[in-house]
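**Student:** Listed below, chain by chain, are the residues.
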Amino acid sequence: MSKTKFWSAEHPRIKELVFVLKKMKSSPLSIIGLTIVVLFTLLAILAPVLAPSETGRDPYMMPRTGYSPTPQPPSPENLFGTTEGQYDLYYGVIWGTRAAYRIGVLVVAVSALIGIVVGGLAGYYKGVVDEVLMRLTDIILAFPALILAMAFVVAFGRGLDSITLALILVWWPSYARLIRGEFLRVTSEDFVEAAKAVGCSDFRIMVRHVLPNTIFPLIIMASLDIGSVVLTAAALSFLGLGAPSGYSDWGQIISLSRNWITGAPGNPFAYWHTYIIPGIFLFLFIIGWNLLGDALRDILDPMIRRR
Amino acid sequence: MGSSLKIYLTRRLLLVIPTVLGVILLIFAVTQLFTPVQRASLYIRDIKQVKSIDEIIAKYGLDKPAYMQFFTWLSQVVQGNLGWSQSIHMSVLDALMTRFPATAELALYAAPLTILLGIYLGKISAVKKDTAIDHFTRALSVIGWSLPSFWLGIVLLAFFYGGFGLFSPGRLSPWAEALVRTGEFKIYTGLYTVDAILNLNFAVLLDALYHLVLPVATLTIINVALIMRVMRSSMLEQIGKTYVVAARARGLDEKTVIDKHVTKNALISVVTLSGLLTAGMLSGMVITETIFEFKGIGYFAARAATQLDIPAVLGFALLTGFIFIIANLIVDLLYAYIDPRIRLG
Amino acid sequence: MQAKALAENEQLKVEDLVVRFYTYEGIVKAVEKANLNLRKGETLGVVGETGSGKSVTALTIMALTPTPGKVEGGHIYFRRSTGEIVDVLTLKEEGLLKIRGKEISMIFQEPNAALDPLYTVGDQIAEAILTHRLPEMLEKVGRLEGEETNGLWAFLEKLPFFKGSIKKRLLNKVVRQEIVELLKLMEIPDPERVVDAYPHELSGGMQQRIVIAIALACSPTLLLADEPTTNLDVTVQAQILDLIMRLKRKFGTSVIYITHDMGVIAEISDRVAVMYAGRVVEVAPTMEIFKNPLHPYTKALLESIPRPGSAFKAIPGTVPNLVNPPSGCRFHPRCSYAMKRCSRETPELKEISKEHLVACFLHGGA
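Protein chains in written order, with the numbering used here: chain A, 553 to 859; chain B, 317 to 661; chain C, 572 to 937.
Source of the hints: derived by calculation from the structure; they are not laboratory data. It is possible that part of the hints are untrue.
What the hints assert, rightly or not - In the DSSO-like style, the derived pairs of lysine-lysine whose C-alpha atoms are separated by at most 30 Å in a straight line are: (1) LYS576(B) to LYS669(C); (2) LYS641(C) to LYS580(B); (3) LYS739(C) to LYS571(B); (4) LYS641(C) to LYS574(A); (5) LYS663(C) to LYS576(B); (6) LYS571(B) to LYS738(C); (7) LYS641(C) to LYS584(C); (8) LYS444(B) to LYS669(C); (9) LYS444(B) to LYS575(A); (10) LYS641(C) to LYS557(B); (11) LYS557(B) to LYS755(C).
So that you can see chain A by itself, here it is in the shape it has in the complex (with noise of 0.2 Å):
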């Protein structure tokens, strides 16, 4: 087998890349998911540039111009307005950009490496194992997301670093039963038993074969549920589970919101910036993700098939 060069324009997996981009042109859904994804990341690279913080404080921490209750609406000085208790919404929403990339990016890598080694073993040795493990992630997979992390949260108490985990527990049963069952899938085919039969040892076939034939299937599965993350992240940390208060959270900048929905006497709407301006970053931010993921299940399942 001759060794191709990675970066050239002959290796397989650049020609795949390629295809998979010329691929998404076609599709104006996976282009606009496309576009968000990149904003977004673009945005929370550049958060210290576009929302400066103070040095030696929390950047995370939203700053605050005062400390009356009730929301400002969008002005020079707070571009976006303020919230209640006056946090500049504008640096808030920036930098949930990078919170939300972090928790997000955070527990999708940790879950699915968990996966990757729970699933290869229970893949690998099968047998009892193999059941013990998938019971295991049977009971896991039997709660709803939000309902098992709120359990672990309580027990961890309140914070993102409480949530983080939370999910991560709640999160990797999914990686495992993916990748044990590509595992299964992959081990079954005849090159495996070919490579045994030459001699290699086992633990060089997973890594060397098992595991690139798995990349497609994680990367669809990770795409799709950056979204998910970061929604329940969201929803802990409006709940007040997660993210302290005045903290650059989307869910908790929500949360900041739920007193001044009606508005003001004569003005219903005098607080929309409060709930709408970080909702809108959420929501662009998950739709974003969403539908990146689901071009990208579109077009690389069946070349998965064709494998």
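Based on the hints, put chains B and C in the right spot on chain A.
**Tutor:** Chains B and C alone, transformed into the frame defined by chain A:
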């Protein structure tokens, strides 16, 4: 009854036991994350016992090894003792029982609406694939699915209630609340709409329905997407099958082919999802209930969680697990009923 | 008009049919100017490898070209039982519904897949009967109604509410009887029980008999058989084949029998059409094709039939890519007799000797 059906049913029912045990085990594992003092609250039945925590710890062996504790706790759970909730000063079991009807009422309206609407939209989306209708419904479904439920709820409340004073939060208006509290209004089920009919009190019925509009709308908008997608892909999968070509080859018109053959086969896949969805709704829509101040088990659990009321949250999680197990069982039984391949083996 | 399109004894004529599939990978030119004709009462065997376009052609004869296929040219002339000659490809849904299942029927390769698993086989046969033979069935009901002597029913029938349900009950009875007769004709044992069976409860052979029953329920003039025995056990194959032929003789149906099995062709066809990569390359009476195959592909096909004692001879090369088919004669890359001309021009189907047509430059076909 075919013998393979018997085997299937028996196997399915037996499978419930290890699953239930598994759920209990998982929740137990969570309890082990707490200190013995915190765990003591799981064993308390009424407020008087709070004073004697040390006695409780000794009595139930809360400082003993985990496996011993498991059996003590298991026996408590089986007896219905889920502990004491200090956030609302009631035994957890009582709290869940009294609040469950509100959640059930919400699910009673939201689930069928979501399922039926989802099936309908999925069907036309599949039949009119790649047309404007298809793209439109699919776009709506992605939007619905991506909407954070708490945000949608807030926006709807802000617009209708904040803007026009319509659809106030809560289950009933103050006057209806007052009426229900009196002895005149007999509570049969705890579901206000049902009880109102049984009491022949249509004013309360209308009021209860009025308060259901926004929460049901929120739940439906978000969840219809799920059913719709599955129905759509299920139908598309069936449409390509040979028996559909064969049906057309018999001279059946397209409408009959779709309605009689494709839809029925496609619905099989939707059954599981519908079951899970209903279970999800019965498990308390934590967010929706909180936003609309609908005092169901989800609302209770959310408040309990913020106050770190351990028994309440764990009891709630346990109940949820059981609801899902039962729902899965019902779904599997339904399968045996509707699919002759399983029924007759 | 189209009265002249078919000769006196012709039942069906496929003329220059073009079918293309628009897929992600490109445009698949599945059928490229195929020509077939079928005489009344004859069995035409259509032979070809996978990808030859034979199934697509058959489905297109009933205007059931699978998506994403599109018919892009040609005519399919069919003589209806009324004598009228129509071009199937120009008919609208209304007209097609009258023909499908009634005048042209189809039996499929996988009988298990051709039956809806959620309905009894009786239900599915009843569909065919009720769609096309309803007046006949209602007439029988009318006769039965007169005979109903049971006092209670006779009384209830006067009431408007029950009138409909009595008719329904009788209709079910009549149709069920018809189905049982049909199943007996299919040589299905214990027909009364089978009527209420679900497809998965029956064996492959039985399922295929049901499919045939559905196809013949309305005595069609043309039966399209798409490899009906390929997926069955060998012993069952012979039975089903036999059944089809006997029923064909009984009803006087014309049959287009698609298969890749030359043995079956030899046994049942009157004439044979050989298809390759979407084109018909040779047509001749069965004896003639076996004795004197003219097209190189036909020759290769016959030679590749394994015979005890002789070496295994496969046809060199692979089935052509239909998105980018070979230029000119599509067989030329695999043909041992290929000339320069073959890659540049496409040979037309020409009558070389009596009843024997070939599309090859070796034999004229200019």
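**Student:** Enumerate the violated hints, using their earlier numbering and listing them in ascending order.
**Tutor:** As far as the earlier hints go, not one is violated by this structure.
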